[in-house]
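**Student:** Sequence:
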Amino acid sequence: MNVQSIRIQFCAWILCLLLISISADAQQRRLPQRSRRVYTPDHPRYVQPDARQPAIYFPQAPLPGQVRKSIGLVFTTTPPELTEEIRVSVPAIDFHIQRGLTDHLYAIGRIQTQIVQSNVALGLRYAAQLTDRLYIAPGFDATGWFGALQIKDVFNSQAYGVQTFPSLSVGYRFTRDVQFTFKTEAIMDLYYRSKVGNLAVVYDRRQVNGVAFTFMLEQPFYNKQHVLVGFRAAYSNFNWQLWSLYDTFDRNLFYPQLLFGFIL
Numbered sequence: 068m069n070v071q072s073i074r075i076q077f078c079a080w081i082l083c084l085l086l087i088s089i090s091a092d093a094q095q096r097r098l099p100q101r102s103r104r105v106y107t108p109d110h111p112r113y114v115q116p117d118a119r120q121p122a123i124y125f126p127q128a129p130l131p132g133q134v135r136k137s138i139g140l141v142f143t144t145t146p147p148e149l150t151e152e153i154r155v156s157v158p159a160i161d162f163h164i165q166r167g168l169t170d171h172l173y174a175i176g177r178i179q180t181q182i183v184q185s186n187v188a189l190g191l192r193y194a195a196q197l198t199d200r201l202y203i204a205p206g207f208d209a210t211g212w213f214g215a216l217q218i219k220d221v222f223n224s225q226a227y228g229v230q231t232f233p234s235l236s237v238g239y240r241f242t243r244d245v246q247f248t249f250k251t252e253a254i255m256d257l258y259y260r261s262k263v264g265n266l267a268v269v270y271d272r273r274q275v276n277g278v279a280f281t282f283m284l285e286q287p288f289y290n291k292q293h294v295l296v297g298f299r300a301a302y303s304n305f306n307w308q309l310w311s312l313y314d315t316f317d318r319n320l321f322y323p324q325l326l327f328g329f330i331l
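Heads up: the sequence shown is residues 68 to 331, going by the numbering used here.
Hints listed in this document are in silico derivations from the structure and should not be mistaken for laboratory results.
There could be a bad hint or two in this list.
[Claimed, not checked] If you anchor each label on the Cβ, the simulated ranges turn out as follows:
(1) VAL237 x LYS136: 20 to 28 Å
(2) LYS291 x LEU216: 25 to 33 Å
(3) TYR258 x LEU235: 34 to 42 Å
(4) SER311 x ASP271: 18 to 26 Å
(5) VAL237 x LEU189: 35 to 43 Å
(6) ALA253 x LYS291: 16 to 24 Å
(7) HIS171 x LYS262: 40 to 48 Å
(8) GLN133 x ARG273: 14 to 22 Å
(9) LYS291 x VAL237: 35 to 43 Å
(10) VAL245 x ILE218: 46 to 54 Å
(11) LYS262 x ARG200: 48 to 56 Å
[Stated by the list, open to error] Taking lysine to aspartate or glutamate pairs in the EDC-like style, the calculated list, with each CA pair at most 20 Å apart, reads:
(12) LYS136 x ASP199
(13) LYS136 x ASP170
(14) LYS136 x ASP271
(15) LYS291 x ASP244
All residues carry an ideal CB built from backbone N, CA and C; glycine is no exception.
Let the sequences and hints guide you as you build the complete structure.
**Tutor:** Spelled out as structure tokens, the structure:
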């Protein structure tokens with residue numbers, strides 16, 4: 068699958084979501100105010116104004132002291148500029164944990180690992196409810212990644228770095244249980260160091276390295292279990308999962324990611 072086909076599929080998916088949302092809103096507006104249906108609490112489209120459903124990406128804070136967790140996988144497809152005709156989808160174990168601090172503020176933690184390389188993130192979110200269905204949350208994450216690749220008498224390499232991710236999440240609750248989130252992030256590099264044998268390379272420039280956009284659905288799955296399924300499009304000149312390729316491109320590349328997980 069080439070980059071053009073990935074972009075076409077991505078645009079088609081986003082267009083479908085927009086059409087669904089626009090169609091639902093238009094249908095609601097066409098109904099006179101007095102004839103709009105009032106849903107009872109046992110109806111699936113009834114939404115309690117302060118309801119909190121199991122979620123990780125949806126921008127609504129857990130109750131103070133409440134903990135939310137999820138476990139899943141992130142599949143990152145390598146850009147063709149790095150691997151030429153070979154397209155590799157690199158999976159990483161993905162673990163989230165959140166804790167409510169106040170009615171609006173909550174802390175997040177995240178670990179992604181591929182055994183030889185890992186990424187640990189800590190951050191804060193401030194969530195606000197705009198309407199019964201619409202929510203918003205600015206956030207800030209700091210991540211530290213590290214990796215080591217050793218092949219006896221052939222290759223010995225280590226690397227680590229620090230990045231930050233200012234973000235803004237907008238969530239819409241379609242029904243009582245189905246929640247959609249759009250998240251945009253700025254990718255900022257703070258520090259990078261790699262070492263191959265006795266040769267070390269260090270960058271400590273603080274600069275914006277790229278942007279990322281995430282589209283996420285969270286909903287029930289089976290036997291009261293909730294899942295998250297989404298797509299993240301990152302456009303940057305560096306991705307921590309591919310540090311060992313030591314690319315020489317000084318330009319942004321497209322890194323598509325598929326995200327899937329179970330909310331615990």
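**Student:** So, against the hints stated earlier in the document, which numbers end up violated here?
**Tutor:** Failing hints, ascending: 2, 3, 5, 6, 8, 9, 12 and 14.
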